[in-house]
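Assemble the whole structure, with the sequences as input and the hints as a guide.
Here's the letter readout for the chains.
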Amino acid sequence: MADASYPDDLLYHPEHDWVRVEGDVGTLGITWYAQDALGEVVFFDPPAVGSSISKDQPYAEVESVKAVSDVFAPVSGEIVEVNEALADKPELINDDPYGEGWLVKVGMSDPGETEALADAAAYEATLE
Amino acid sequence: MPFAGWEMPVQYAGVRQEHEAVREHVGVFDVSHMGEIETLGPQALDFLQLVLSNDVAKLALGGAQYSVLCNEDGGVLDDLFTYRLGEDRYLTVTNASNHERDLAWMRSHSAGFDVELLDRQAELAMLAVQGPAARALVDSLADTELPPRMRAAEVAVAGRRMLVCGTGYTGEDGVELLPVAADAPAVWDALVDGGAIPAGLGARDTLRLEVCFHLYGNDLMTTRGPIEAGLGWCCKEQTGFLGAEAVAAVRAGGPEERLVPFVIDGPGIARPGNAVIGGGEVTSGTMSPSLGVGIGMAYLPAGLAEPEQRFQIDVRGKLRDAVVKPKPLYSGDR
Numbered sequence: 026m027a028d029a030s031y032p033d034d035l036l037y038h039p040e041h042d043w044v045r046v047e048g049d050v051g052t053l054g055i056t057w058y059a060q061d062a063l064g065e066v067v068f069f070d071p072p073a074v075g076s077s078i079s080k081d082q083p084y085a086e087v088e089s090v091k092a093v094s095d096v097f098a099p100v101s102g103e104i105v106e107v108n109e110a111l112a113d114k115p116e117l118i119n120d121d122p123y124g125e126g127w128l129v130k131v132g133m134s135d136p137g138e139t140e141a142l143a144d145a146a147a148y149e150a151t152l153e
Numbered sequence: 016m017p018f019a020g021w022e023m024p025v026q027y028a029g030v031r032q033e034h035e036a037v038r039e040h041v042g043v044f045d046v047s048h049m050g051e052i053e054t055l056g057p058q059a060l061d062f063l064q065l066v067l068s069n070d071v072a073k074l075a076l077g078g079a080q081y082s083v084l085c086n087e088d089g090g091v092l093d094d095l096f097t098y099r100l101g102e103d104r105y106l107t108v109t110n111a112s113n114h115e116r117d118l119a120w121m122r123s124h125s126a127g128f129d130v131e132l133l134d135r136q137a138e139l140a141m142l143a144v145q146g147p148a149a150r151a152l153v154d155s156l157a158d159t160e161l162p163p164r165m166r167a168a169e170v171a172v173a174g175r176r177m178l179v180c181g182t183g184y185t186g187e188d189g190v191e192l193l194p195v196a197a198d199a200p201a202v203w204d205a206l207v208d209g210g211a212i213p214a215g216l217g218a219r220d221t222l223r224l225e226v227c228f229h230l231y232g233n234d235l236m237t238t239r240g241p242i243e244a245g246l247g248w249c250c251k252e253q254t255g256f257l258g259a260e261a262v263a264a265v266r267a268g269g270p271e272e273r274l275v276p277f278v279i280d281g282p283g284i285a286r287p288g289n290a291v292i293g294g295g296e297v298t299s300g301t302m303s304p305s306l307g308v309g310i311g312m313a314y315l316p317a318g319l320a321e322p323e324q325r326f327q328i329d330v331r332g333k334l335r336d337a338v339v340k341p342k343p344l345y346s347g348d349r
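Just so you know, the sequences run in chain order A and B.
When we follow my numbering, the leftmost residue of the first sequence carries the number 26, and every step to the right adds one.
When we follow my numbering, the leftmost residue of the second sequence carries the number 16, and every step to the right adds one.
No lab work stands behind these hints: they were computed from the structure.
Hints may be right or wrong, so weigh each one.
Said to hold, decoys possible - The following label-pair restraints were derived from C-beta to C-beta distances:
| # | chain 1 | residue 1 | chain 2 | residue 2 | range |
| --- | --- | --- | --- | --- | --- |
| 1 | A | A73 | B | G293 | 23 to 29 Å |
| 2 | A | A110 | B | H124 | 54 to 60 Å |
| 3 | B | E39 | A | A29 | 27 to 33 Å |
| 4 | A | D121 | B | S112 | 35 to 41 Å |
| 5 | A | R45 | B | A28 | 27 to 33 Å |
Said to hold, decoys possible - Here are some chain A residues the structure puts well away from chain B; computed CB gaps all over 12 Å:
| # | residue |
| --- | --- |
| 6 | P39 |
| 7 | E40 |
| 8 | V74 |
Said to hold, decoys possible - Computed footprint of chain A on chain B, listed as stretches where at least three residues anywhere in the stretch have a Cβ under 8 Å from a Cβ of chain A:
| # | stretch |
| --- | --- |
| 9 | 28-37 |
| 10 | 274-287 |
All of these numbers come straight from a predicted model, not from anything done at the bench.
We treat Cβ as the ideally placed atom computed from N, Cα and C, and that holds for glycine.
Right, dumping it as structure tokens:
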């Protein structure tokens with residue numbers, strides 16, 4: 026498992042989700058804190074490409090040996106891509122939560138929503 | 016995590032890693048929460064024959080036997096291993112969460128028998144050493160030969176005398192050690208120094224479920240009987256054990272539901288409590304580290320409880336396809 030980290034180029038949702046904004050596409054995942062709390066992830070149940078997700082609402086489930094957890098959307102929009110690699114290797118969410126362990130890409134419907142999200146320092150402060 | 020009043024690690028290094036260590040090499044579990052009840056006296060056999068479902072008269076000196084404890088309605092109070100330590104001396108291993116109830120149940124039925132019942136839960140620890148390399152490891156620390164499978168013997172391990180049993184809960188070869196509690200840390204250290212990987216409750220659950228061993232509280236309960244649970248093989252109704260009439264009636268009439276192993280066909284993991292479409296419920300479910308698919312056990316209507324029967328499980332509102340499989344779900348090379 027990777028060491029604790031909260032990269033500066035991401036925005037964070039209080040339900041322990043992150044988004045990497047590139048133009049009007051957001052890449053979504055769960056934070057190091059979330060994957061550590063879950064333990065070994067054994068299953069990611071992705072939403073369908075083309076489906077809509079809403080900020081602050083659950084859009085997928087991550088399941089570990091210990092628990093099932095909802096994944097919350099930090100932004101609203103339409104799913105344009107899901108990380109197919111997770112079907113065979115869900116442990117990528119533990120090994121590399123901000124890289125190969127990304128969950129979905131979203132065509133953001135309201136890029137202004139990101140203003141309500143926390144930066145790395147502010148998010149990390151909530152974990153104290 | 017607290018479990019029946021005991022502090023128990025769910026995992027040490029990680030469930031998957033610990034699971035693989037037991038399947039491929041050797042792991043050690045601290046299962047000291049398990050209870051032990053010693054039955055001794057001239058009528059020990061007669062008494063155990065009344066409470067245990069199996070034919071205790073078949074239990075040879077130094078032997079081990081699996082059975083269930085039933086109430087008069089034929090519901091399962093516990094499932095347990097009994098070891099015959101002497102001519103009139105037996106040790107029965109209980110599940111932690113049932114230990115007090117088992118003891119009270121046995122005491123309440125011991126009147127009129129010349130037996131003594133000793134609660135040895137606090138006195139004895141229990142370390143399960145499991146995996147293809149388990150015997151060789153314990154053997155290297157032992158002063159005499161280890162008992163074979165389904166046998167038990169007094170052996171000194173790491174210089175401490177204890178009961179060693181050729182039993183386990185993982186589907187792998189191995190032994191279970193019952194040192195007195197004060198000796199357990201030194202024995203644990205010797206096993207770990209010898210290469211055993213510490214394994215927690217998480218791996219214990221994935222390992223036992225792959226080989227379809229029952230877990231009390233999940234797959235066994237007072238509201239269902241041993242025939243429904245597929246444990247008719249350890250019930251010998253002719254011995255007249257408590258609950259035998261009820262068990263015999265279910266056996267004769269056929270159970271309405273039966274516990275079966277299943278695999279999920281496709282993604283997803285069913286969990287205990289998930290409903291089966293058409294009746295029944297999942298009682299155990301996990302992701303199998305050895306098989307890489309969701310597995311579990313479920314009570315199904317008897318008509319559906321046949322290998323390769325397909326059915327659906329409601330997993331938090333999503334229907335998952337599942338297939339009934341024969342036991343065990345995982346058998347390694349054997």
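- request: With 35 to 41 Å as the target window, see if A/D121 and B/S112 comply at their CB atoms.
  value: This hint holds: roughly 39 Å between Cβ atoms.
Problem set entry | Verdict on chain A covering the stretch 28-37 of chain B, where coverage means 3 or more residues with a C-beta closer than 8 Å | holds (count 3)
**Pairwise beta carbon distance, B/E39 to A/A29, judged against the given window 27 to 33 Å** = holds, 30 Å
According to the definition I'm using, a residue is off the interface if its beta carbon is farther than 12 Å from all beta carbons of the partner; does A/P39 meet that for chain B? holds, 23 Å
Nearest-CB test (12 Å) between chain B and A/E40 = Fine: 18 Å to the nearest Cβ keeps A/E40 off the interface.
Item to check | Given coverage of the stretch 274-287 of chain B by chain A, tested with a Cβ cutoff of 8 Å and a minimum of 3 residues | outcome: It holds: at least three residues are needed, and the stretch 274-287 of chain B offers 4 whose Cβ sits within less than 8 Å of chain A.
Quiz item: A/V74 clear of chain B by more than 12 Å, beta carbon to beta carbon?
Solution: About 15 Å separates A/V74 from the closest Cβ of chain B, which puts it past 12 Å; holds.
* B/A28 and A/R45 - C-beta distance against the hinted 27 to 33 Å -> With a Cβ separation near 31 Å, A/R45 and B/A28 satisfy 27 to 33 Å, so the hint holds.
Q. Are A/A73 and B/G293 spaced within 23 to 29 Å by their CB atoms?
A. holds, 27 Å
Exercise for the section: Starting from the range 54 to 60 Å, see whether the pair A/A110 and B/H124 falls in it by beta-carbon distance. Expected result: holds, 59 Å
The structure is consistent with each of the numbered hints, conforming to all of them.
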